[in-house]
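There are 2 protein chains.
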Amino acid sequence: MKASVGKGLSRSIEDYLKVIYKLEADSGSAQTSAIAEALAIAPPSVSGMVKRLAEAGLLEHSRYRGVRLTEAGQHQALRILRRHRIIESYLIEQLEYDWHNVHQEAERLEHAVSDALIDRMDQALGRPSHDPHGAPIPTPDGEIETIHYVPMTDLDVGSAGQLRMVGDKDSERLRFIASLGLRPGVAFDVVARQPFHGPLTIRLEGGREEVIGYELANSLQCERSGGDAK
Amino acid sequence: MKASVGKGLSRSIEDYLKVIYKLEADSGSAQTSAIAEALAIAPPSVSGMVKRLAEAGLLEHSRYRGVRLTEAGQHQALRILRRHRIIESYLIEQLEYDWHNVHQEAERLEHAVSDALIDRMDQALGRPSHDPHGAPIPTPDGEIETIHYVPMTDLDVGSAGQLRMVGDKDSERLRFIASLGLRPGVAFDVVARQPFHGPLTIRLEGGREEVIGYELANSLQCERSGGDAK
DNA sequence: ATTGGAATTTAACCTTGCCTAAACTAGAAT
DNA sequence: ATTCTAGTTTAGGCAAGGTTAAATTCCAAT
Chain A
1 MKASVGKGLS
11 RSIEDYLKVI
21 YKLEADSGSA
31 QTSAIAEALA
41 IAPPSVSGMV
51 KRLAEAGLLE
61 HSRYRGVRLT
71 EAGQHQALRI
81 LRRHRIIESY
91 LIEQLEYDWH
101 NVHQEAERLE
111 HAVSDALIDR
121 MDQALGRPSH
131 DPHGAPIPTP
141 DGEIETIHYV
151 PMTDLDVGSA
161 GQLRMVGDKD
171 SERLRFIASL
181 GLRPGVAFDV
191 VARQPFHGPL
201 TIRLEGGREE
211 VIGYELANSL
221 QCERSGGDAK
Chain B
1 MKASVGKGLS
11 RSIEDYLKVI
21 YKLEADSGSA
31 QTSAIAEALA
41 IAPPSVSGMV
51 KRLAEAGLLE
61 HSRYRGVRLT
71 EAGQHQALRI
81 LRRHRIIESY
91 LIEQLEYDWH
101 NVHQEAERLE
111 HAVSDALIDR
121 MDQALGRPSH
131 DPHGAPIPTP
141 DGEIETIHYV
151 PMTDLDVGSA
161 GQLRMVGDKD
171 SERLRFIASL
181 GLRPGVAFDV
191 VARQPFHGPL
201 TIRLEGGREE
211 VIGYELANSL
221 QCERSGGDAK
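Protein chains in written order, with this note's numbering: chain A, 1 to 230; chain B, 1 to 230.
None of these hints come from the bench; they were simulated from the model. No residue lacks a Cβ here, since even glycine has one placed at the ideal position from N, Cα and C. It is possible that some hints are incorrect.
Chain A is faced by these chain B residues, among others (derived, beta-carbon under 10 angstroms) [unchecked claim]:
(1) GLN94
(2) TYR97
(3) VAL113
(4) ARG120
Far from chain B, by Cβ distances over 10 angstroms, these chain A residues were calculated [unchecked claim]:
(5) LEU23
(6) THR32
(7) ALA34
(8) ARG63
(9) ARG68
(10) HIS111
(11) SER114
(12) PRO128
(13) ILE147
(14) HIS148
(15) ARG175
(16) LEU180
(17) THR201
(18) GLY206
Make the full structure from the sequences, and use the hints.
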């Protein structure tokens with residue numbers, strides 16, 4: 001019998017889909033062990049669930065080789081992502097949550113809110129296209145902006161850029177980023193960089209300069225905005 | 001081994017505690033079948049869960065005779081009730097939910113929100129003592145106002161009262177109540193009533209009169225406010 | 001071509017919550 | 001006092017999701 005992907009997926013299934021979507025988006029593929037790692041469960045548990053998800057038509061599975069979401073699976077994943085990002089936005093804008101504390105809460109709420117509530121929140125926020133971390137919010141029917149940002153580490157000395165996206169996983173890191181006054185939309189010039197994956201120095205609006213370690217800079221998604229420093 | 005009632009009870013357990021608390025409050029006792037009925041599950045399922053809850057120290061069970069929450073059980077139940085009522089209040093006041101649509105949503109959210117989020121909502125609402133249906137909101141440490149309201153049907157002709165509480169279960173009923181302009185705080189006089197559980201007629205502020213069926217009137221909790229009509 | 005190790009899957013089992021069918025009280029009605 | 005019955009509990013199952021241990025399979029390195 002064919003499972004009709006009706007309304008309610010279990011919390012667990014939603015988590016799988018979310019994680020698989022992210023793995024596909026980030027690294028192109030979703031291996032069993034990567035899924036297990038991301039969900040903090042044992043690999044055999046993943047094998048079991050993957051089988052069920054494949055039977056439900058949410059993904060395709062080539063044995064020993066990994067997994068790929070079907071249309072239906074992606075659609076579901078994007079629904080969840082939309083919820084997550086709207087919830088994060090709402091908590092930050094309307095309930096004074098900090099940028100860096102919000103992830104956990106959203107993680108639990110995204111499985112419990114109705115479409116109606118999401119729409120209310122979306123409306124209260126003015127139907128934003130991006131969340132406060134700069135990540136695009138999927139539309140209700142599962143469209144998402146395809147992004148072509150580059151990591152800050154791809155910018156050459158002398159070039160200008162705008163910070164676009166900072167991620168939302170690591171709250172330590174977010175706290176630090178916030179403390180530097182970095183947030184999506186901020187413009188900067190790269191004024192110096194050391195070779196061999198060393199730190200780079202950027203100048204922000206107002207002339208303040210900050211030194212950013214390579215690792216961190218590499219996680220900051222930016223848009224090139226000026227060919228050259230003026 | 002003794003289960004340490006730590007942080008996270010399952011959704012299912014929370015629902016049991018909530019229902020048992022309500023049954024005890026309403027009818028004094030909580031029978032297996034009443035619990036089953038309220039949760040829309042089969043009686044044997046209740047027996048099973050009751051055993052586990054008793055082992056966890058959340059309630060006491062006398063075989064064939066029903067169940068009684070322990071201190072710990074009541075405490076948990078009140079935590080959930082607090083969540084529920086704050087969420088309902090928040091959705092109505094801040095997100096334009098209707099009085100009568102809010103119950104379902106709160107029912108799901110109450111199991112997913114953190115204490116921190118509840119506190120934010122509570123703060124945004126100005127730390128209300130009652131929810132929009134007039135029900136008292138338990139404090140964070142599990143105190144709840146003991147109410148001594150009387151059903152509208154207990155008021156004699158000629159006496160005055162204030163509506164205090166309208167319940168939150170039946171959304172049809174709530175819609176109707178709202179359409180009559182009845183809400184907690186509204187003052188009225190009883191101007192007539194028919195015998196044998198017939199309808200009563202009340203006069204609202206402004207002089208408008210409404211006829212209320214016995215059943216409905218009996219579900220409206222009121223406070224006596226004047227000995228006699230003036 | 002073979003082999004060794006890492007990753008994956010299978011097998012066997014556990015817990016939570018639910019179910020139905022059958023066995024058992026408790027208490028009302030005779 | 002006995003019986004009948006409604007309500008409760010026990011027994012036995014099932015599905016979802018997880019676990020560990022053992023068997024596979026792929027691939028990369030000899």
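Against the structure, the hints:
1. Because the closest C-beta pair between B:GLN94 and chain A is about 8 angstroms apart, less than 10 angstroms, the hint holds.
2. With 10 angstroms as the threshold, the beta carbon of B:TYR97 comes within range of chain A, its nearest partner Cβ sitting at about 7 angstroms, so the hint holds.
3. Because the beta carbon of B:VAL113 sits about 7 angstroms from the nearest beta carbon in chain A, less than 10 angstroms, this interface hint is met.
4. Against a cut-off of 10 angstroms between C-beta atoms, the interface hint on B:ARG120 holds, since the closest Cβ of chain A lies about 4 angstroms away.
5. No beta-carbon of chain B is positioned within 10 angstroms of the beta-carbon of A:LEU23; the least distance is around 25 angstroms.
6. Every CB of chain B lies more than 10 angstroms from the CB of A:THR32, the least distance being 28 angstroms, so the non-interface label holds.
7. With a cut of 10 angstroms on Cβ distances, A:ALA34 stays outside the contact zone with chain B, its closest approach being about 27 angstroms.
8. With a least CB separation of 34 angstroms from chain B, A:ARG63 remains clear of the 10 angstroms interface cut-off, as annotated.
9. The beta carbon of A:ARG68 is kept farther than 10 angstroms from every beta carbon of chain B, the shortest such distance being approximately 30 angstroms.
10. With a least beta-carbon separation of about 7 angstroms from chain B, A:HIS111 fails to lie farther than 10 angstroms from that chain, contradicting its non-interface assignment.
11. A:SER114, annotated as away from the interface, has a beta carbon of chain B within 10 angstroms; the closest lies near 6 angstroms.
12. Annotated as non-interface, A:PRO128 keeps its C-beta farther than 10 angstroms from every C-beta of chain B; the closest such distance is 16 angstroms.
13. With a least CB separation of 29 angstroms from chain B, A:ILE147 remains clear of the 10 angstroms interface cut-off, as annotated.
14. At roughly 35 angstroms, the least C-beta separation between A:HIS148 and chain B is larger than 10 angstroms, which holds for a residue marked as non-interface.
15. The claim that A:ARG175 lies off the interface holds: its Cβ sits roughly 16 angstroms from the closest Cβ of chain B, which is beyond the 10 angstroms cut-off.
16. Listed as a non-interface residue, A:LEU180 keeps its Cβ farther than 10 angstroms from every Cβ of chain B; the least gap is roughly 26 angstroms.
17. The non-interface label for A:THR201 is consistent with chain B: the shortest C-beta to C-beta separation is roughly 37 angstroms, beyond 10 angstroms.
18. The beta carbon of A:GLY206 sits about 32 angstroms from the closest Cβ of chain B, which is more than 10 angstroms, so the claim that it is off the interface holds.
Violated hints, in rising order: 10 and 11; the structure is consistent with all others.
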